[in-house]
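J.: So the sequence lines, in the order shown, correspond to chains A and B. Going by our numbering, the first sequence opens with residue 1, and the numbers climb by one from there. Going by our numbering, the second sequence opens with residue 1, and the numbers climb by one from there.
One should not assume that every hint holds.
Quick list of the computed label-pair ranges, beta carbon to beta carbon [to be verified]:
id, chain 1, residue 1, chain 2, residue 2, range
1, A, 57, B, 7, 27 to 35 Å
2, B, 114, A, 63, 34 to 42 Å
3, A, 20, B, 79, 45 to 53 Å
4, A, 41, B, 70, 42 to 50 Å
5, A, 27, B, 54, 25 to 33 Å
6, B, 58, A, 16, 49 to 57 Å
7, A, 63, B, 84, 35 to 43 Å
8, A, 22, B, 62, 44 to 52 Å
Where chain A lies over chain B, by a calculated footprint (3+ residues, C-beta under 8 Å) [said to hold, decoys possible]:
id, stretch
9, 34–46
10, 65–75
11, 89–95
What the hints contain is simulated information worked out from the structure, not anything from laboratory work. Just so you know, even glycine gets a beta-carbon here, dropped at the ideal spot from N, CA and C.
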Amino acid sequence: DVKVTQSSRYLVKRTGEKVFLECVQDMDHENMFWYRQDPGLGLRLIYFSYDVKMKEKGDIPEGYSVSREKKERFSLILESASTNQTSMYLCASRLGNSGNTIYFGEGSWLTVV
Amino acid sequence: AQSVTQLGSHVSVSEGALVLLRCNYSSSVPPYLFWYVQYPNQGLQLLLKYTTGATLVKGINGFEAEFKKSETSFHLTKPSAHMSDAAEYFCAVSDADTNAGKSTFGDGTTLTVKP
Numbered sequence: 001d002v003k004v005t006q007s008s009r010y011l012v013k014r015t016g017e018k019v020f021l022e023c024v025q026d027m028d029h030e031n032m033f034w035y036r037q038d039p040g041l042g043l044r045l046i047y048f049s050y051d052v053k054m055k056e057k058g059d060i061p062e063g064y065s066v067s068r069e070k071k072e073r074f075s076l077i078l079e080s081a082s083t084n085q086t087s088m089y090l091c092a093s094r095l096g097n098s099g100n101t102i103y104f105g106e107g108s109w110l111t112v113v
Numbered sequence: 001a002q003s004v005t006q007l008g009s010h011v012s013v014s015e016g017a018l019v020l021l022r023c024n025y026s027s028s029v030p031p032y033l034f035w036y037v038q039y040p041n042q043g044l045q046l047l048l049k050y051t052t053g054a055t056l057v058k059g060i061n062g063f064e065a066e067f068k069k070s071e072t073s074f075h076l077t078k079p080s081a082h083m084s085d086a087a088e089y090f091c092a093v094s095d096a097d098t099n100a101g102k103s104t105f106g107d108g109t110t111l112t113v114k115p
């Protein structure tokens, strides 16, 4: 089974802090994604990466950056956390083309106070 | 550009009743279509998908969906709801002509099953 592991399930951070959300997948998938999930807004794509060191902006990249130094690891960085970034963050990965299944981690609940 | 509209953010059915969750999509090229389910405090998992071939697609847990190109729809159905079906359901679309493309998700439909 594909495993996508998000290192932190629940985090509480202060406004202005730098926040790292880490994600690791164990199936050698080329593509990795970070989504944000808010009630009534579904999943919104923040960034995705189709290869090591490659990244593309999604629909809501402002206030976020990403890092993909190794194929299995995709990190989401909040440079200066703000209260409006309080949300559930979902990491996902996919093998090859867009017709293949996306595999999701269990999510990281981030509260910024 | 691609988009997905899920009609009804909340659907409530009685146990044993038909489940119908509606999804309409917009895509400029032939689409790949997906339904994912999210149980409380978990990530999403695939229920079923349409890529090519038969337009009626069967998935896990007795769910199925039919791709109707003329109606740009991909509605999800299950003949008889079970209490364990209570969850949030997401429809998603990808463009079939992109190799490293992204998927667009709908806003989700929360299914409640009453005893």
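J.: Determine for every hint whether it applies to the structure shown.
T.: Against the structure, the hints:
Our hint of 27 to 35 Å for residue 57 (chain A) and residue 7 (chain B) holds, since their Cβ atoms are close to 29 Å apart. At roughly 41 Å, the beta carbons of residue 114 (chain B) and residue 63 (chain A) sit within the given window of 34 to 42 Å. Checking the proposed 45 to 53 Å range against residue 20 (chain A) and residue 79 (chain B) shows it holds: the Cβ atoms sit about 46 Å from each other. For residue 41 (chain A) paired with residue 70 (chain B), a C-beta distance near 30 Å fails the hint of 42 to 50 Å.
Between residue 27 (chain A) and residue 54 (chain B) the C-beta distance comes to about 27 Å, which sits within the given range of 25 to 33 Å. Restraint check, residue 58 (chain B) to residue 16 (chain A): a C-beta distance of roughly 50 Å satisfies the suggested window 49 to 57 Å. Taken as a hint, the range 35 to 43 Å holds for the pair residue 63 (chain A) and residue 84 (chain B), whose Cβ atoms sit roughly 38 Å apart. Roughly 36 Å separates the CB atoms of residue 22 (chain A) and residue 62 (chain B), a value that falls outside the hinted 44 to 52 Å.
For the stretch 34–46 of chain B, the stated coverage by chain A holds: 8 residues have a C-beta nearer than 8 Å to a C-beta of that chain, and at least 3 were required. With 0 residues bearing a CB less than 8 Å from a CB of chain A, the stretch 65–75 of chain B misses the requirement of three and the coverage assertion fails. For a cut-off of 8 Å, the count of residues in the stretch 89–95 of chain B with a CB near a CB of chain A stands at 4, and the three-residue condition holds.
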